[in-house]
Amino acid sequence: MYQLSKLKGMNRMARRGARRLLPVTAALALVLPAAAACTSTGSNSSQNVDNVNTSGSHAPVTLEMWTFSHKQNQLDADQAALAKLHAKYPWLTVHLTGSKSDSDFAKAATAGNPPDIMFSPSTQYLETFAHDGTIADLTHLIAGGPVDVSKTVLAPAMAALTMDGKQWALPLTGDAYMLYYNKKLFAAAGITAPPKTLSELRADAEKLTVRDSGGNITQFGFVPNVDYDNNVSIYAGVYSGTHFYDGSGVPTVATDSNWGKLLDWDKSLIDYYGSGAINKFVAQYNPHSEDAGNPFGKGAVAMEFNGEWHTAQLKNFTPDVDYGIAPMPVLDGQTTSSYGVADIEMSPVYVAAKSKHIAEAFLATEFLTTDTTVVDDMSTAFGAVPSTTDAIKNWQLASDPHFASMIQAFQNPGSYGHPVDLSAGADVNAWQAFIGQYESGKASAKNLPDIATKMKNIVAQATN
Amino acid sequence: MPAVADTSAVVAEQTAAPPPRRRGRSRRKSPTRTAKPAVLLFLSPLILGIAIFKLYPIAAGVYYSMTDFHVGSYQPVHFVGLDNYRHVLSSSSDAWTAGRNTLWLLIFLVPAQTLWAMFVAWLVLRIRRGQALFRTIFFLPAMVPLVASALAFVVLLNPAGPLNHALSWVGITGPGWFGDPSWAKPSLVIVAVWGCGKIMILFLAGMLNVPRTLYEAAEIDGASAWRQFWHITLPSISPVTFFAVITGMIATFQYFTEAYVISASSNNNSGADRLIGYPQNSTLFATSEIYKQGFVFFKTGYASAIAVLVFLAVFACTIVFIWGTRRSYGYGGESQ
Chain F
82 MYQLSKLKGM NRMARRGARR LLPVTAALAL VLPAAAACTS TGSNSSQNVD NVNTSGSHAP
142 VTLEMWTFSH KQNQLDADQA ALAKLHAKYP WLTVHLTGSK SDSDFAKAAT AGNPPDIMFS
202 PSTQYLETFA HDGTIADLTH LIAGGPVDVS KTVLAPAMAA LTMDGKQWAL PLTGDAYMLY
262 YNKKLFAAAG ITAPPKTLSE LRADAEKLTV RDSGGNITQF GFVPNVDYDN NVSIYAGVYS
322 GTHFYDGSGV PTVATDSNWG KLLDWDKSLI DYYGSGAINK FVAQYNPHSE DAGNPFGKGA
382 VAMEFNGEWH TAQLKNFTPD VDYGIAPMPV LDGQTTSSYG VADIEMSPVY VAAKSKHIAE
442 AFLATEFLTT DTTVVDDMST AFGAVPSTTD AIKNWQLASD PHFASMIQAF QNPGSYGHPV
502 DLSAGADVNA WQAFIGQYES GKASAKNLPD IATKMKNIVA QATN
Chain A
27 MPAVADTSAV VAEQTAAPPP RRRGRSRRKS PTRTAKPAVL LFLSPLILGI AIFKLYPIAA
87 GVYYSMTDFH VGSYQPVHFV GLDNYRHVLS SSSDAWTAGR NTLWLLIFLV PAQTLWAMFV
147 AWLVLRIRRG QALFRTIFFL PAMVPLVASA LAFVVLLNPA GPLNHALSWV GITGPGWFGD
207 PSWAKPSLVI VAVWGCGKIM ILFLAGMLNV PRTLYEAAEI DGASAWRQFW HITLPSISPV
267 TFFAVITGMI ATFQYFTEAY VISASSNNNS GADRLIGYPQ NSTLFATSEI YKQGFVFFKT
327 GYASAIAVLV FLAVFACTIV FIWGTRRSYG YGGESQ
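Each protein sequence line maps, in turn, to chains F and A.
Using my numbering, you'd call the opening residue of the first sequence number 82 and step up by one each time.
Using my numbering, you'd call the opening residue of the second sequence number 27 and step up by one each time.
No lab work stands behind these hints, which were simulated from the structure alone.
Among the hints, erroneous ones may be present.
[Unchecked claim] Covered, in the sense of this in silico footprint (three residues per stretch, anywhere, with C-beta under 8 Å from a C-beta of chain F), are these stretches of chain A:
hint : segment
1    : 87–99
2    : 166–175
3    : 243–255
4    : 303–317
5    : 323–335
[Claimed, not checked] Listed next, the in silico DSS-like pairs over lysine-lysine satisfying Cα-Cα at most 27 Å (straight line):
hint : chain 1 : residue 1 : chain 2 : residue 2
6    : F       : LYS437    : F       : LYS165
7    : F       : LYS523    : A       : LYS211
8    : F       : LYS277    : F       : LYS232
9    : F       : LYS342    : F       : LYS288
10   : F       : LYS527    : F       : LYS152
11   : F       : LYS348    : F       : LYS188
12   : A       : LYS211    : F       : LYS188
13   : F       : LYS165    : F       : LYS232
14   : A       : LYS224    : F       : LYS348
[To be verified] Residues from chain A that keep clear of chain F, each with C-beta distances beyond 12 Å, as calculated:
hint : residue
15   : VAL196
16   : GLY200
17   : LEU240
18   : PHE268
19   : ILE276
20   : ARG300
21   : CYS343
We treat Cβ as the ideally placed atom computed from N, Cα and C, and that holds for glycine.
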């Protein structure tokens with residue numbers, strides 16, 4: 082009983098303590114977020130490159146750079162590039178940290194200690210960072226910089242990182258999504274050239290489909306499921322001549338009939354295979370899309386939609402596959418000039434708005450993104466397409482026939498990528514989920530206004 | 027039958043309410059004024075720890091849920107009142123999908139793992155030889171890290187994996203498991219059931235505490251094994267069942283790791299964060315949605331609003347469950 086009363090006494094004390102703690106905690110709850118908010122408002126005053134003494138007499142500066150690179154050969158290429166930078170500007174040293182995401186960058190920014198430079202894998206957060214003041218506007222820095230960036234960097238690559246006339250990042254390599262096709266299987270099916278329209282792709286896919294005596298599919302022609310591999314980029318607009326939003330920011334998925342036609346093409350091909358067979362294929366091969374179990378390399382599918390890095394994987398894992406790369410076919414009814422475009426995605430390099438050395442960070446960024454040798458070496462290491470005109474001309478892989486149509490598509494002014502908006506990809510995510518429902522028959526064309534409303538709400542919520 | 031009823035009466039006697047508590051003020055003197063600072067000093071690490079790591083995050087979460095705060099943003103933070111809550115509850119929000127999926131888990135996962143753990147414990151107790159070995163075997167999965175077990179099941183349940191291969195031997199075409207929207211959640215239940223060793227150990231301890239005399243009396247009265255379980259074991263271990271269900275329920279509201287790892291490994295060409303809820307949002311749960319909104323789309327205020335709603339849902343469910351069981355069995359608080 083003594084123990085019980087002792088416990089009761091403790092409980093009373095605890096209650097009293099809690100009562101005393103309550104106002105303290107409440108005050109903390111109010112003060113700390115407000116303090117965090119206060120410390121995170123405003124941005125560093127901008128600096129000019131003109132004021133940077135690039136000669137050897139400049140006081141030593143050490144910058145922090147984060148990169149999404151995680152493979153050793155990529156990190157080696159990053160380090161080699163930074164060594165070249167240091168050789169050119171001996172006073173400038175950049176410390177590199179790998180395996181960093183945009184999420185890490187955002188959290189560091191909130192904590193008030195972001196890296197000076199961020200090499201990001203995609204433009205997903207570009208508008209968010211620009212709107213939120215997380216990254217520096219490079220426009221005036223470019224104007225005062227030592228390189229004429231507009232003449233050096235490819236126009237579509239620069240355009241992808243421009244918003245409201247301001248340049249928020251510089252591209253360091255990029256991705257172009259193309260159609261990979263197995264030449265041997267094409268020849269066996271009597272197909273002489275890769276398809277140029279989605280109807281042709283559908284017809285070729287049927288010819289290339291092989292079933293065993295039990296009716297089971299042993300070889301698929303083309304798997305269009307939105308959740309498969311990189312297929313979401315098929316439905317991002319460039320192959321159907323559509324943009325997610327019109328000039329006034331209203332979603333077009335319910336009003337532009339090409340979106341519906343694209344979904345019909347997708348659904349009809351899935352129905353041709355049967356959802357059971359094709360879903361099994363997706364579930365079986367999706368975890369192996371980038372390893373030795375890749376179905377295109379194994380001959381389980383004759384055509385595949387993929388990025389340029391896939392060439393390195395095929396070379397490593399299945400070097401005997403004889404394949405070609407062509408532009409992804411476009412929706413029927415497009416102008417003939419539409420064929421040859423590609424969904425292109427940039428890997429941007431940002432300068433943190435809170436950097437204490439914005440001009441120096443820009444100098445490093447400009448060097449990394451415009452130096453021909455650096456861009457070429459990085460492109461080779463990342464298995465990506467160079468983002469400058471000279472780098473493409475000098476690239477050792479430019480003569481590789483696999484890259485020919487890829488480089489052309491990358492330079493094609495009609496090429497563009499996923500929408501860059503304040504939702505940070507939430508709208509595309511919703512669109513992808515909708516297409517998945519469409520493919521499984523849980524949604525139909527009559528639901529297009531619903532997804533349009535949802536996308537509109539997502540962007541509106543992000544904007545407000 | 028009457029014999030069994032008598033046994034139940036014995037169980038009732040064994041689990042009878044404790045003696046009434048003593049009412050009135052405790053005779054123990056409260057700490058003297060000189061002792062109070064010392065008490066507070068010794069408690070201060072705990073108090074500070076709770077304040078900084080528990081109370082502050084909760085209070086800050088509630089505060090952020092009423093702001094437009096974005097992680098990484100240098101824009102001023104605005105108070106938006108209940109706007110985030112309105113967006114969460116709007117009909118086009120994915121939060122509804124996450125809520126439905128979480129409810130599905132509550133209905134199927136919690137009973138499945140509780141009943142399976144109870145069954146395994148009962149089974150292990152009935153093994154005469156090698157009990158320790160089987161106890162260890164059934165507990166081992168609980169020692170495997172969640173990520174490792176999730177990845178193991180990704181391989182095991184691949185449509186072309188060993189399980190479907192084995193099923194084909196008996197003429198069954200296995201489903202797509204994690205890759206099939208219809209099978210993704212049941213597959214997660216299988217993973218959870220496989221790893222329920224900790225609950226099994228609790229049931230085992232509870233069953234070992236049941237007096238042998240009750241079973242001996244029941245056997246003399248001719249009660250079958252099932253009747254012994256139903257009328258002796260089950261009532262006797264009901265506090266353990268209560269604990270297993272309530273902690274299972276709370277853990278299900280917080281269910282994240284397995285779903286995240288499994289969806290992330292479903293396509294090695296996309297970033298893990300882009301695949302949350304794969305396939306077709308069938309594995310999008312409450313915490314996945316919080317993570318997605320907060321750490322993928324950086325909508326910290328919005329994610330905080332979902333977190334607050336999940337907290338309220340957990341709190342409400344726990345209170346209802348405790349209230350219900352207290353009325354029926356006297357658990358979860360003072361005896362009736």
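Among the hints numbered above, which are violated by the structure, and what are their numbers in rising order?
The structure conflicts with hints 2, 3, 8, 10, 11, 12, 14, 16 and 20, although it agrees with all the remaining ones.
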